[in-house]
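Undergrad: Below are the chains, spelled out letter by letter.
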Amino acid sequence: MKRIKPFGLNFIKTISLKKGNLNYLIKNVVFFILFLGICFLEIPKILPKIFGQSFDSASYHIDWGNFNMTSGKKTSANYQLTDTVGQNAPGKFTAAGYTVKAGFQYIYDTLEKFSFSINDVSIDFGSLTPNIGSTQSNTITITTPSGHGYQIMAIANKPLSTISSSTIPDTNCDTTCSISSSGVWTSSSKYGFGFNAIGINSSGVATNIGTSSYFTNSTYYRPFAASSRIESPQTIMSEDTPVKNHSARITYKINISTNQPSGDYENLINLIAVPKY
Amino acid sequence: MFNLSLTPPQVEFVLKPGVTLTQAYQVTNESDQSLTLNTQVLPFLPSGDNGSVTYNNLISNPNINFSLNNADLKLGQPFTLQPQETRQLVLKINASSQTSQADYYATLFVYQSPDKSANGTTISQTSGQIGSHILLSVSDTENPKTEGVIHKFSLTPKIKDVFFTPIKFSGQIQNNSNYFFKTAGKITISKNQQVIKELKLDSQNILANYYRQFSCDNQQVCTLSPPLWPGKYTATLEFDSSLNIPSSSASFIVMPISPLILIGTIILISYLISRISKFFPKNKSDQTSES
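Protein chains in written order, with the working numbering: chain Y, 78 to 354; chain D, 367 to 657.
Bear in mind the hints are in silico, worked out from the structure with no lab data behind them.
The beta-carbon is built from N, C-alpha and C at its ideal position, and this holds for glycine as well.
Mixed in with the good hints there might be a few duds.
Claimed, not checked - Simulated restraints, written as ranges between beta carbons of each label pair:
(1) Y:Lys235 <-> D:Leu441: 23 to 33 Å
(2) D:Pro444 <-> Y:Ser214: 22 to 32 Å
(3) D:Pro596 <-> Y:Asn294: 56 to 66 Å
(4) Y:Asn294 <-> D:Ser643: 50 to 60 Å
(5) D:Ser426 <-> Y:Ser204: 48 to 58 Å
(6) D:Ser426 <-> Y:Arg306: 43 to 53 Å
(7) Y:Ser290 <-> D:Thr522: 12 to 22 Å
(8) Y:Gly281 <-> D:Glu451: 50 to 60 Å
(9) D:Thr589 <-> Y:Thr206: 28 to 38 Å
(10) D:Gly630 <-> Y:Thr212: 54 to 64 Å
(11) D:Leu439 <-> Y:Thr206: 19 to 29 Å
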């Protein structure tokens, strides 16, 4: 394979090899100077021109001291690049009065967006039978960019209730549980409304990833916090590292007694996803 | 179905009192059906020692004003996103000139408006809500002074074998100032005044007058893996000098426990073999000569 050497090296080598041959040396020097001249004259014409930005009207002429040329996320099959070219230089705090501590790149720091999904937002229990626990479930999925993980919280607007204010009470589980601690709830003689959250893999198999701190296993339940009682949302799933498509199955359970008044019971449950700061 | 993304997930500003800034967010409906959405900004408090937050029905600071700068949308006004549609929300943040110089933390929420009610059944309607944190420092200076201390810096085990069981470091960083800062530091493990290894700390936000468990780059728990030569080691946790956090140290001893056990076992087995061999008859040649 023939190796192409840089022009400069060839020239130096030529000088050393042809030492004493003045004509040959002059010819090379002249050619080299011509080559440099062409480079200086022609290259600026090939490169894109850079201008300062200004806006004109009949009354105004606005000069921009700085103008962002490009910024954002560039991707190809093999690479990703985030850049900010032309961002205002540091040291403008006194004039502008604010600064972005995190920098633009934080916005694009991975390919992943911060996203949250619920596969079914309508949990319809249909008609309930006393002393037989009824369950329904949906799946939540979260993806976080780089940072420090996520936190998913839950809160209901009110206990399950009818328009005439009959209420299905919050579960107390088999022995005890609360909005911030779960307990086993398997007894058919323990009435109420509660939920369980269990981390699952992409095949739907329980892994308890992200939920093990809140629910030991799928027999553990707790009632929802309720904004009608001026309670704050309670964490039901969290992780401290960035994740991609981590899911949990939320199981909602109702068990009513024979004394439960008939009616259309409803409430609104809010599932809230935020990043860890 | 609810499937929403919000970018950026967090923004951090230093703002002078009396100044207004804007921040653009991209909200995308990642689902295959249109979503009716709404927006709100709620203040939060840090919770626990791992970056979690809590919303305890806090009252917003009246001197910090949040609004949307979009021409056709206000904060709290419903809007619809078609499947796969992205919309830019431009949040305007204004700190009045009366704002006390300190940190203010809030979350911009985009949430789903419920659109179904019970009709002859018992129904729980769920709605999704996704938030992006805003860490706001109101200060006259670009780099507000911060200071902190290291709490409970410890390591386990304190005596360990040359092989097996890694050393795990834990502790909390307490921020004693009114402004949040990002951790920048390292754990230096040294022996006889010589640095054996450095573990770089993960860059974490420590909120004002609050604490957080530290972690290491690419490790949730800072860990030093074996093998290590026997001796006394010192681990020093130190931070960038601009953070004004005094360093803290802890020691551990590495002993050749497993090699000693191995050698002891070999000696014991040899001793037992020599003892047992005394109970065996003499060698065959002796037996043959005797016969």
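Undergrad: Decide, hint by hint, whether the structure agrees.
TA: Here's how the hints hold up against the structure:
1. Y:Lys235 <-> D:Leu441: 23 to 33 Å: holds, 25 Å
2. D:Pro444 <-> Y:Ser214: 22 to 32 Å: At 28 Å between Cβs, range holds.
3. D:Pro596 <-> Y:Asn294: 56 to 66 Å: violated, 44 Å
4. Y:Asn294 <-> D:Ser643: 50 to 60 Å: holds, 57 Å
5. D:Ser426 <-> Y:Ser204: 48 to 58 Å: Once the Cβ atoms are compared, 44 Å apart, the range 48 to 58 Å for Ser204 of chain Y and Ser426 of chain D is violated.
6. D:Ser426 <-> Y:Arg306: 43 to 53 Å: violated, 21 Å
7. Y:Ser290 <-> D:Thr522: 12 to 22 Å: With Cβ atoms ~21 Å apart, the hint holds.
8. Y:Gly281 <-> D:Glu451: 50 to 60 Å: violated, 30 Å
9. D:Thr589 <-> Y:Thr206: 28 to 38 Å: violated, 53 Å
10. D:Gly630 <-> Y:Thr212: 54 to 64 Å: holds, 59 Å
11. D:Leu439 <-> Y:Thr206: 19 to 29 Å: violated, 46 Å
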